[in-house]
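Each chain, letter by letter, is given below.
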Amino acid sequence: GAVVSQHPSWVICKSGTSVKIECRSLDFQATTMFWYRQFPKQSLMLMATSNEGSKATYEQGVEKDKFLINHASLTLSTLTVTSAHPEDSSFYICSARGQGGLNEQFFGPGTRLTVL
Amino acid sequence: AQKVTQAQTEISVVEKEDVTLDCVYETRDTTYYLFWYKQPPSGELVFLIRRNSFDEQNEISGRYSWNFQKSTSSFNFTITASQVVDSAVYFCALWPHSSASKIIFGSGTRLSIRP
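Going line by line, the protein sequences match chains A and B.
So for the first sequence, our numbering puts the first residue at 3; every next one is plus one.
So for the second sequence, our numbering puts the first residue at 326; every next one is plus one.
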């Protein structure tokens with residue numbers, strides 16, 4: 003099956019710093035990538051949808067200036083958490099959808115962000 | 326409204342017992358997909374099954390089985406002869422065809438299998 007990787011798998015940073023998380027589709031081209039956030043003991047909440055070469059579409063309540071998404075190529079999307087604060091600590095999961103086929107989404111392993 | 330409800334927040338059973346995880350969904354779409362995912366403590370989502378709205382055949386895969394009932398908008402998941410390794414959070418999810426690929430997740434059921 004298709005493989006999606008995320009880097010880093012975990013990160014700890016100080017409050018006020020920015021953190022970049024990478025999401026890569028390893029063996030297919032992803033026209034669309036999705037970013038989810040999951041707080042402890044909660045479900046996955048979609049943050050934004052990004053299509054290669056265009057601006058991301060953010061879900062209601064998600065600050066686009068705080069969560070910068072770049073999808074510059076068909077195999078890479080990045081999420082940058084700017085000026086991170088402790089309340090941004092969460093598990094961030096990306097998924098990628100390929101071209102044609104069953105339009106299935108393939109999920110990355112997630113990145114655990116802890117902001118001190 | 327498009328929604329997935331997993332009413333069981335937590336379930337705990339003794340190993341070797343059978344357990345059913347309930348999932349009820351709402352959508353106006355006639356074309357949609359339903360999914361089950363397993364999320365072990367590591368956090369990585371493990372895909373278990375995908376079902377499209379036109380295929381009501383029940384499915385069995387080893388100890389796992391799924392019962393899709395459009396009449397009750399339910400897609401329940403049964404684990405027979407449960408094992409400790411089945412302990413995880415299980416998510417039911419819906420992808421309505423009209424939603425531009427947005428998958429809607431249920432709140433999840435935390436399953437604990439006691440030895």
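Any given hint could turn out to be false.
Said to hold, decoys possible - Cut-off 20 Å, straight-line C-alpha distance, at most; resulting in silico cross-link-like pairs (DMTMM-like, lysine to aspartate or glutamate):
| no. | chain 1 | residue 1 | chain 2 | residue 2 |
| --- | --- | --- | --- | --- |
| 1 | B | Lys427 | A | Glu65 |
| 2 | B | Lys363 | A | Glu65 |
| 3 | B | Lys427 | A | Glu89 |
| 4 | B | Lys427 | A | Glu54 |
| 5 | B | Lys328 | B | Glu340 |
What the hints assert, rightly or not - Which bits of chain B does chain A cover? Going by a derived footprint, with three or more residues having C-beta under 8 Å, they are:
| no. | segment |
| --- | --- |
| 6 | 335 to 348 |
| 7 | 384 to 392 |
These are computed hints drawn from the structure, not numbers from a lab.
Because the structure is a prediction, the values reported are computed rather than measured.
In this text, a Cβ means the ideal position worked out from N, Cα and C, and glycines have one as well.
20 Å Cα cutoff - pair lysine 328 of chain B, glutamate 340 of chain B: violated (32 Å)
For lysine 363 of chain B and glutamate 65 of chain A, compute the direct alpha-carbon distance and say whether it is at most 20 Å. violated (29 Å)
Would you check the hint for lysine 427 of chain B and glutamate 65 of chain A, treating anything up to 20 Å between C-alpha atoms as holding? holds (19 Å)
Below or equal to 20 Å on CA atoms is what counts here, so check lysine 427 of chain B against glutamate 89 of chain A. violated (25 Å)
Taking beta carbons only, do three or more residues of the segment 335 to 348 of chain B come closer than 8 Å to chain A? n = 0 at 8 Å, threshold three: violated.
Report holds or violated for chain A covering the segment 384 to 392 of chain B, Cβ cut-off 8 Å, minimum 3 residues. violated (count 0)
Are the Cα atoms of lysine 427 of chain B and glutamate 54 of chain A separated by 20 Å or less? Judged against 20 Å, a Cα distance of about 16 Å means the pair holds.
Against the hints set out earlier in the document, violations occur for numbers 2, 3, 5, 6 and 7.
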